Every structure is written in structure tokens, then in C-alpha cells.
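Participant: Chains G and Z, in that order, are what the protein sequence lines are. Residues in the first sequence are numbered from 4 upward in steps of one, following my numbering. Residues in the second sequence are numbered from 4 upward in steps of one, following my numbering.
These are computed hints drawn from the structure, not numbers from a lab. Fair warning: this is a prediction, and the values are worked out from it, not measured in the lab. Be aware that a few hints might be false.
[Unchecked claim] Below, a sample of chain G positions facing chain Z; criterion: calculated Cβ distance under 10 Å:
{"hint": "1", "residue": "Val20"}
{"hint": "2", "residue": "Val39"}
{"hint": "3", "residue": "Glu41"}
{"hint": "4", "residue": "Ser100"}
[To be verified] In silico SDA-like cross-links for lysine to any residue, where the CA-CA straight-line distance does not exceed 25 Å:
{"hint": "5", "chain 1": "G", "residue 1": "Lys65", "chain 2": "Z", "residue 2": "Ala22"}
{"hint": "6", "chain 1": "G", "residue 1": "Lys65", "chain 2": "Z", "residue 2": "Ala25"}
{"hint": "7", "chain 1": "G", "residue 1": "Lys65", "chain 2": "Z", "residue 2": "Phe8"}
{"hint": "8", "chain 1": "G", "residue 1": "Lys65", "chain 2": "Z", "residue 2": "His62"}
Cβ coordinates follow ideal geometry from the N, Cα and C atoms, glycine included.
Number of protein chains: 2
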Amino acid sequence: MKPLFHPDIDDVAPADVFAALADPIRLGILVALANVREVDKARCSDFTAFASPSLLSYHFGKLREAGITRMRMEGTSRYLSIRREELDQRFPGLLDSVIETARRDPNLPRLGPDWPAGAEVPQGRTSSR
Amino acid sequence: MKPLFHPDIDDVAPADVFAALADPIRLGILVALANVREVDKARCSDFTAFASPSLLSYHFGKLREAGITRMRMEGTSRYLSIRREELDQRFPGLLDSVIETARRDPNLPRLGPDWPAGAEVPQGRTSSR
Numbered sequence: 004m005k006p007l008f009h010p011d012i013d014d015v016a017p018a019d020v021f022a023a024l025a026d027p028i029r030l031g032i033l034v035a036l037a038n039v040r041e042v043d044k045a046r047c048s049d050f051t052a053f054a055s056p057s058l059l060s061y062h063f064g065k066l067r068e069a070g071i072t073r074m075r076m077e078g079t080s081r082y083l084s085i086r087r088e089e090l091d092q093r094f095p096g097l098l099d100s101v102i103e104t105a106r107r108d109p110n111l112p113r114l115g116p117d118w119p120a121g122a123e124v125p126q127g128r129t130s131s132r
Numbered sequence: 004m005k006p007l008f009h010p011d012i013d014d015v016a017p018a019d020v021f022a023a024l025a026d027p028i029r030l031g032i033l034v035a036l037a038n039v040r041e042v043d044k045a046r047c048s049d050f051t052a053f054a055s056p057s058l059l060s061y062h063f064g065k066l067r068e069a070g071i072t073r074m075r076m077e078g079t080s081r082y083l084s085i086r087r088e089e090l091d092q093r094f095p096g097l098l099d100s101v102i103e104t105a106r107r108d109p110n111l112p113r114l115g116p117d118w119p120a121g122a123e124v125p126q127g128r129t130s131s132r
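Start from the sequences and build out the full structure, keeping to the hints where you can.
Facilitator: The following block contains the structure:
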């Protein structure tokens, strides 16, 4: 399998980033990922409620090719994360305001409150589930 | 002549705004307008160096239909301004970070330092031109 293309963050232009954000499904994916602090908790397959598999693949590709997300493949799983540190360094303040703006949009697709499944329960709390 | 369409700012979705920003010429126009503090100092015809007239019209339309700019027609002149207050109210912090990001992009088209022509010279200073 050929490795997935991830652009050098310095090659990403602002217009590329905005093009990748110009879709409610991609903004919904971004908002969901922004809530995940742990690496490898978000799988591409978690987003099947957002769109058909082929359309999802297209959207994941748009986010990845614009330098916004990183996709890691392991076996049959594909893990997704935001390239937060790199983006914050290249475009200071932009990602935060984009995520904040998207969070307030009531029309974006969302994952349920139980997502991501298997997130660590902080010490001292017990899960009721 | 039929009046130009300007969307109600509450009908503008974040994805619409990002779609309008997904082009270096439109980002260049936005950065130029962000430097203008006076109303009616920016004319559409000031941007002829950025693109052909028909392409410029297309870009002005995209910015206007996404609620980012307002266009006012008077006689044969078309004046352009950012809907800053409305945007700041609807998407707090977004416009500033977008403009800041675009300002740092060395590849956007720019207007010369003499633009906008006829800007008021502050009291106590004399123009050397």
C-alpha cells in the first residue's frame, strides 16, 4: 500500500485551508477531532453516520491534503488527528477561531456524547456505563 | 438596475464563509479592504491589477454572497467594504484571525502603498506627494 500523502505544513497556503473548511461535513469532522485529546482515539470508521463511505473518504482526503489532519493506518484501522501544533505555528490563532466558529454552528453533523468510545476515565471517577 | 443581493448575516453558515475565502485573489481583496477604515474609499475598479474584469466580478460576487462584503453602487462607481461589525457579532474573532493569517501570506496579490488614493491625511501631517 502506498503511503498517504501529507503536505509539508510550510507548503500549505491559507486559501488551501479555507477550501478544506468549506463544507459542513468536514467542519463536523474537525469539531469532533478537536474534542479528542488522546492520540489514536478517533477512527475514520467512527464517522460513518456523516456520509457514505466513498464521500467520507473524499472528505478525509480534502482535510489531509490541506495539512489539517494526519491519517495513520494500522492494520485495517485508520486513525485521524488534527495537526494542531504545526497549524498553530504556521497560522497562529486561526485553528482555534475556526473550531470555535464551527462549534457554534447548529447545522453541522455531530457524534454522540459517548464518543470517542474507550476514552480514558480520569482517575478518581468511575464510569457509570 | 436590480439591487445587489446581500444575505442576512444570520443566514450565512461558516462553510459559506470559508468557501468565499478559498481563493488567493479574494483573500487579497479582503486584506486590502481590511486596511481601509473609511467608508467609500475602496472601489471595485481599484482591483483591476488582480484579475480580468469578468473574473473580478465573479470574485466580488462570491465575497458579497457569503456576507463578507457589502457593495454599494453610485452612478458608475461600485464601492466595496467589509461587513465587519455584523461578521464580528456572528462569528466572534474569526475575521480578525483570517485577516491576520492572510496578511502573512506573501503570495497574495496586493495593492500598492499609495492605496487607497485620496485617504485623509491626518491633521498635523503634510503629504510629501
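Participant: State for each hint whether it applies.
Facilitator: Do the hints match the structure? See the list:
The interface hint given for G/Val20 is met, as the beta carbon of that residue sits about 8 Å from the closest beta carbon of chain Z, less than 10 Å. Taking 10 Å as the C-beta contact cut-off toward chain Z, the hint placing G/Val39 at the interface is violated, the least distance being around 20 Å. Interface restraint check: G/Glu41 against chain Z, minimum CB-CB distance 26 Å, threshold 10 Å, status violated. Interface restraint check for G/Ser100: the shortest CB-CB distance to chain Z comes to about 4 Å, inside 10 Å, so the restraint holds.
Taking the CA atoms of G/Lys65 and Z/Ala22, the gap is about 13 Å. The hint holds against a cut of 25 Å. The suggested pairing of G/Lys65 with Z/Ala25 holds, with an alpha-carbon distance near 13 Å, which does not exceed 25 Å. Restraint check for G/Lys65 and Z/Phe8: not satisfied, since their Cα atoms lie roughly 31 Å apart, outside the 25 Å limit. For the proposed pair G/Lys65 and Z/His62, the alpha carbon gap of about 22 Å is at most 25 Å, so the pair holds.
In terms of the numbered hints stated before, the structure departs from hints 2, 3 and 7, listed from lowest to highest.
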